[in-house]
Amino acid sequence: MSEVKEVKPKRELPLSRIMVNEQTAQVYAEAWAASEKGEPIGWSTAIFPQELCETFGVPLVYPENNAASISAKKLGEPFIEHAEGHMRYPINICSYARLNLGMADKIIEPGWEKVEPAMPVPTFLCLANNSCTQLMKWYENLSRNLNIPIFFMDCLYNYDEEEPAPHKIKYLKKQLENNIKKMEVLFNKKFDWDKFLEVQKRSQINRKLFNEIVALNARKPSPMNGFDLFNYMSCLVLCRGKASTTRIFEQLKREIEAHIQNGTSTYGSTPEAYRVHWEGIACWPNLGFNLKTLRKYGVNCVMNGYVTAWDVAYEPGDLEGMAKAYQCSSTNSFSTSSIMDMRTKSIEAFGCEGMLCHVNRSCKLMTFHIFVGRDMIEEKAKIPSTNFDGDQSDTRVFSEAQFETRLQGLVEIMKANKEAEL
Amino acid sequence: MKKIETLLDRFAFVANKPSAVMKVYLEEGKKIVGCFPVYTPQPLITASGMIPMGIWGGQITPTVAGKYNPIFTCSIMRSCLEYGMTGVYKGMSAVMMPMLCDTFRGMSSSWRAGVKEIPLIAFIHPQNRLDSGALDFMIEEYKSVLKRLEALSGVQVTNASLNAAIDLYNRKNAVMQTFNEVANDHLDIITPTVRHHVMKSATFLEVSETIQLVGELIALLKAQPIHKWTGHKLILTGITAEPEALLSLFEENKIAVVGDDLAQESRQYRTAYPAGEMAFERLASQWLNIKGCSMAYEEDSQSRGKMLVDMAKKQDADCIAVCLMRFCDVEEYDYPYISKATENAGLYSLCLEIDQSTQDNGQSRTKIQSYAEMAASLV
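Keeping their order, the protein sequence lines are chains A and B.
Each residue of the first sequence is one higher than the last, beginning at 14 in this note's numbering.
Each residue of the second sequence is one higher than the last, beginning at 525 in this note's numbering.
Keep in mind that the hints were calculated from the coordinates and are not lab data.
Just so you know, even glycine gets a beta-carbon here, dropped at the ideal spot from N, CA and C.
Any given hint could turn out to be false.
[To be verified] Covered, in the sense of this in silico footprint (three residues per stretch, anywhere, with C-beta under 8 Å from a C-beta of chain A), are these stretches of chain B:
#	segment
1	538 to 548
2	586 to 594
3	627 to 638
4	751 to 759
5	842 to 852
[Stated by the list, open to error] Derived BS3-like pairs (lysine-lysine); straight-line CA-CA distance at most 30 Å:
#	chain 1	residue 1	chain 2	residue 2
6	A	Lys195	B	Lys671
7	B	Lys667	A	Lys186
8	B	Lys671	A	Lys186
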């Protein structure tokens, strides 16, 4: 006797998602083409001023984004094992770094078996430490292991709550100017300031469009499953300065507006019982389980702070404003108090009833924000919060049982709060 | 010899009881600024008429710090927060914290949430140190730190008074380096534990007192006959090499420490403040000149490995021991290449895990014993 397993039909992807996939494939294809021609190709941290290489027309790929993609496909473990074993990296460092350092060591071997999306061997690195300081150490290691130069933007942590002081912005601006000069030498090309202005304008159009899209999810019920936003972040990471991103976001906006008009949602047919703010990076290898479990309890994580990290806002043509924007872009570039003020505002704007915090083993700073910030959220936003342990790439940290138990606890409090309001 | 023993007792006392030292300073009416590790601009504190004291936590299992620190915070920061939250640092006028790693970034918020009665003076070093804007930035950052110190002390710092303080710290740096050299001629007296006491006490004592006491010790040691050490010799690298029980394992196995690159010890003394007229420029330039440190970004990414191997060869050491503080990212990223550079140079590489929240040195004992046995078999 054999059981017949029911095969669920794959959900058809919306056009905007197909466009994202095509754009991503194009980015990798261009990088490989440049690599095969012996032209410069860079690996870049996720919030480096991409406007520079976009203006030079030199392709970049992004290890953090790549690690997330590979982890979501559950293909990261062999690279992480290689980094921890053969390469001796301790288990406590960021898992994106372990995955990528392991991969960087593998891809220089002739005939290595590619894991898609595969990045070509870089000839230079672009480093901005606005997300964290581990990036500096990670890229130092890449530079040492691959013997290639780094273009570095030291973005300075905003340890106080005030606006960045003028001397900080001056230092950032100076680095932008110096990096442009250094790139001119390495790429053997003059920097085209007119094209730069156009790239800046395009970057601003794209970030504004994405903000508008995110804001649409403030409607009740939401037109989107909040996790969908993770799928479109890559456009801002890989192609913030490209017209193709504008086309994708315009299409996505049309799709969401259609949902609003039709009273439908990408969250599906399950009623949205609870609206929750997600704090932290996704558990990429466990995304499917998280989503399924959240749906089981009618929870929609309508908003998360991570997707706003690429809101690099400045006036095109204003280099000083751009310098300041890169200093202030990432969630991790501010003190907990500043971050939690932002979260309180978005919790209110999106009508969140609880906060679900990912204690991400790989991201110390976000975890510090959670530990220090949960009292602030409960006091200022007056909503309950809960934590669960996980990781962005390392599958050994996350526990399905703990995630569900913690979620159940949060749901019970949110339910009691709702009933008390009645 | 009696005089040496008296001095060494003093160093041991200061290293193990910094709170008693702080109490005396407070009773003398002095103001104290706690300095988180590492590279705090201490001449600014001295010029402001206050005393900088190192903050290095302690060998404890924290009970309250977990409220604001994740479990995967390095133990030194957890114990520092624990001490802050439980009143051990009470009496300090402020603490100064450099944003050198992610844990410091997070700790700045943890401190503000958990230790409300001791104000935090946070500041950040420029990491793109070869960039032409780095020096100006560092100068301005230190100026903003000084404003806060002046407000605490009520002392107006001038270019001349800051230059005098910088000169004093250059003397301290020089005296600590001389001690390192002289100690290697007297490894029977300057055991790993004694060496650690001298180095650690220098982070707590007033700068002038350190210069005087370590200077006296150097003079007394020089008067002793040179001792021919027949045991093994090694170099320590990392943040700290504690607890003392770990150091006594070296002693049990006839291993001498003949040099170090520990953040708590020599790493902070090996870069002099350059000469010059403009005090802030001297102060800021020192940061730009630091080499071979896990916390300072460097374009020469081989710098620390080369430096350690050179140090070992110069001192005739056959081993470099990485004292790897658990959850210290910056050190953990450097570990693979340091250990490989060590082995490539034909030296032994030891990795000893450092964790202030445990007294268990079992693993370290086994590693140290096996190194001693292997090295002995080749003699």
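| message | Output the indices of the hints that this structure fails to meet, ascending. | response | As far as the earlier hints go, 1, 4, 6 are violated by this structure, in ascending order.
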